[in-house]
Amino acid sequence: MSTEQFKKDILPFQDKLYRYALSIVFDMELAKDIVQEVLLKVWAKRAELETIDNKEAWCIRITRNLSYDKLKLSHRKNVGLEFAENEWDGGLTPSNLTENKDLMAAIYDSMKDLSAQQREIFRLRDLLGYSNKEIKEILGLNDSQVKVNLFRARQKIKLKLGKLINYEG
Amino acid sequence: MKAKKQSEIVEKYWEGKSRQAEEQALLNSDLSGVATDEKAYFESIKQFSELSLGSDFEAAILEKISADEPKIRQLNPSWLLKIAAVFALGLSFYFMYQPIPVLEESNEIAAIEDPEEAFEVTKQALLLISEKLNKASAVDVGLDKFEDARNKIKQGS
Chain A
1 MSTEQFKKDI LPFQDKLYRY ALSIVFDMEL AKDIVQEVLL KVWAKRAELE TIDNKEAWCI
61 RITRNLSYDK LKLSHRKNVG LEFAENEWDG GLTPSNLTEN KDLMAAIYDS MKDLSAQQRE
121 IFRLRDLLGY SNKEIKEILG LNDSQVKVNL FRARQKIKLK LGKLINYEG
Chain B
1 MKAKKQSEIV EKYWEGKSRQ AEEQALLNSD LSGVATDEKA YFESIKQFSE LSLGSDFEAA
61 ILEKISADEP KIRQLNPSWL LKIAAVFALG LSFYFMYQPI PVLEESNEIA AIEDPEEAFE
121 VTKQALLLIS EKLNKASAVD VGLDKFEDAR NKIKQGS
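For the protein sequence lines, the chains are A and B, in the order given.
To convert, note that position 23 of the first sequence is 23 in my numbering; the numbers rise steadily by one, no gaps.
To convert, note that position 146 of the second sequence is 146 in my numbering; the numbers rise steadily by one, no gaps.
Among the hints, a few may not be true.
Unchecked claim - For lysine-lysine, the following DSSO-like pairs were computed, each having C-alpha atoms within a straight-line distance of at most 30 Å:
#, chain 1, residue 1, chain 2, residue 2
1, A, Lys136, A, Lys45
2, A, Lys158, B, Lys39
3, A, Lys160, B, Lys64
4, A, Lys7, A, Lys136
5, A, Lys133, A, Lys158
6, B, Lys4, A, Lys160
7, B, Lys46, A, Lys147
8, B, Lys12, A, Lys133
Said to hold, decoys possible - Here are some, though not all, of the chain B residues that point toward chain A, as calculated from beta-carbon distances under 7 Å:
#, residue
9, Trp14
10, Gln20
11, Ser44
12, Ile45
13, Gln47
14, Phe48
15, Leu51
16, Ser52
17, Leu53
18, Ala59
19, Ile61
20, Ile65
21, Ser66
22, Glu116
23, Glu120
I should point out that these hints are in silico values taken from the structure, not numbers from a laboratory.
Quick reminder that beta carbons are idealized off the backbone N, C-alpha and C, glycines included.
Using the sequences and the hints given, assemble the complete structure.
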């Protein structure tokens with residue numbers, strides 16, 4: 001893959017990767033570093049890229065793993081990825097909330113009560129604008145899992161906003 | 001988008017039934033038909049989805065990957081000429097100092113030391129030559145006859 005091809009095929013995802021990383025680590029500088037690392041990793045593995053059908057989904061998965069790794073590292077927790085996802089607190093600390101503080105706090109607040117899977121689907125659908133079909137592909141879930149988790153995630157957020165009367169979730 | 005339509009989409013959104021295009025249209029609207037607390041939520045979603053890295057980031061990445069890309073060096077034409085000249089010079093020196101091969105004489109007769117055997121070989125050689133000469137003479141006789149015939153025809157006409 002040439003630089004031009006990389007520019008055409010991979011770089012258009014960079015903002016999505018950034019928002020995705022940001023929705024996990026809630027630190028703009030760290031999210032930037034993550035995206036940079038992801039893109040350089042992808043470039044290093046450019047020979048493999050030809051065999052990958054969905055390059056965007058592949059990049060998202062790399063970003064996801066790296067973001068949780070960084071999050072774990074920043075918390076100095078010697079735990080696995082699954083634990084990091086379940087125990088997610090977004091790495092939200094006063095020191096890294098200098099930029100877009102209110103926005104980050106609002107997004108974080110929307111997500112904090114969601115389960116790991118609901119959070120993931122919420123991120124991909126509402127923050128990154130992926131369709132259910134794309135989410136299915138990225139996360140390896142089926143249609144109903146995506147729909148149900150998206151519904152439950154939104155219901156929880158609505159409940160938080162004080163609008164839901166009969167919620168069973 | 002009208003306020004009523006906005007609130008319809010919001011309802012569908014919470015049920016997880018809204019389409020992506022509807023959600024995008026809602027986010028792009030003024031959200032006037034959305035309740036205040038929900039409005040803040042949708043605004044934050046919209047703001048978040050507009051965050052980007054900017055062109056500086058892309059330039060920095062491209063610089064890094066370009067540095068890593070294997071470079072194809074273009075040879076200067078003058079360098080090519082120099083290389084060709086050195087090659088030609090080398091080639092000429094090589095041929096200049098090549099030893100000239102001496103052709104070994106292979107004279108069968110000279111190699112025969114027995115006088116009788118040499119006589120026999122010489123006799124055979126002479127016989128072969130005379131045979132060839134006889135053949136040539138025969139052809140020559142034919143030519144004379146042809147010449148005579150031509151002269152007679154000329155004289156007759």
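Hint by hint, here is what the structure shows:
1. About 25 Å separates the Cα atoms of lysine 136 of chain A and lysine 45 of chain A, which keeps this hinted pair within 30 Å; it holds.
2. Pair hint lysine 158 of chain A plus lysine 39 of chain B holds up; C-alpha atoms about 12 Å apart against a cutoff of 30 Å.
3. A C-alpha spacing of about 44 Å is found between lysine 160 of chain A and lysine 64 of chain B, which places the hinted pair above 30 Å, so the restraint is violated.
4. Between lysine 7 of chain A and lysine 136 of chain A the CA atoms are separated by roughly 26 Å; this keeps the pair inside 30 Å, and the hint holds.
5. Distance check on the hinted pair: lysine 133 of chain A and lysine 158 of chain A sit about 24 Å apart at the alpha-carbon level, within 30 Å; holds.
6. At most 30 Å may separate the alpha-carbon atoms for a hinted pair to count; lysine 4 of chain B and lysine 160 of chain A meet this at roughly 24 Å.
7. Among the hinted pairs, lysine 46 of chain B with lysine 147 of chain A is consistent with the structure: their alpha-carbon atoms are about 22 Å apart, no more than 30 Å.
8. For the hint pairing lysine 12 of chain B with lysine 133 of chain A, the CA-to-CA distance comes to about 19 Å; that is within 30 Å, so the pair holds.
9. The beta carbon of tryptophan 14 of chain B comes within 5 Å of a beta carbon in chain A, closer than 7 Å, and the hint placing it at the interface holds.
10. The criterion of a C-beta within 7 Å of any C-beta in chain A is met by glutamine 20 of chain B, whose closest approach is roughly 6 Å, and the hint holds.
11. With its C-beta approaching chain A no nearer than about 4 Å, serine 44 of chain B sits inside the 7 Å limit, and its interface hint holds.
12. For isoleucine 45 of chain B, the interface hint holds, the least distance from its beta-carbon to any beta-carbon of chain A being 6 Å, beneath 7 Å.
13. The closest approach between the C-beta of glutamine 47 of chain B and any C-beta of chain A is roughly 5 Å, which is under the 7 Å cut-off, so the hint is satisfied.
14. For phenylalanine 48 of chain B, the interface hint holds, the least distance from its beta-carbon to any beta-carbon of chain A being 5 Å, beneath 7 Å.
15. Taking 7 Å as the C-beta contact cut-off toward chain A, the hint placing leucine 51 of chain B at the interface holds, the least distance being around 6 Å.
16. Hint status for serine 52 of chain B relative to chain A: holds, with the closest Cβ pair at about 4 Å, below 7 Å.
17. Look at leucine 53 of chain B: its Cβ gets to within about 5 Å of chain A, closer than 7 Å, so that hint holds up.
18. Below 7 Å, beta-carbon pairs count as interface contacts, and alanine 59 of chain B has none with chain A, the closest being about 11 Å; its hint is therefore violated.
19. At a threshold of 7 Å, the smallest CB-CB gap from isoleucine 61 of chain B to chain A is about 5 Å, leaving the interface hint in force.
20. The restraint placing isoleucine 65 of chain B at the interface with chain A holds, with a minimum CB-CB distance near 5 Å, inside the 7 Å limit.
21. Contact between serine 66 of chain B and chain A, as hinted, is supported at the beta carbon level, the nearest pair being about 6 Å apart and thus within 7 Å.
22. Against a cut-off of 7 Å between C-beta atoms, the interface hint on glutamate 116 of chain B is violated, since the closest Cβ of chain A lies about 85 Å away.
23. For glutamate 120 of chain B, the suggested interface contact is broken, since its CB lies about 81 Å from the closest CB of chain A, more than 7 Å.
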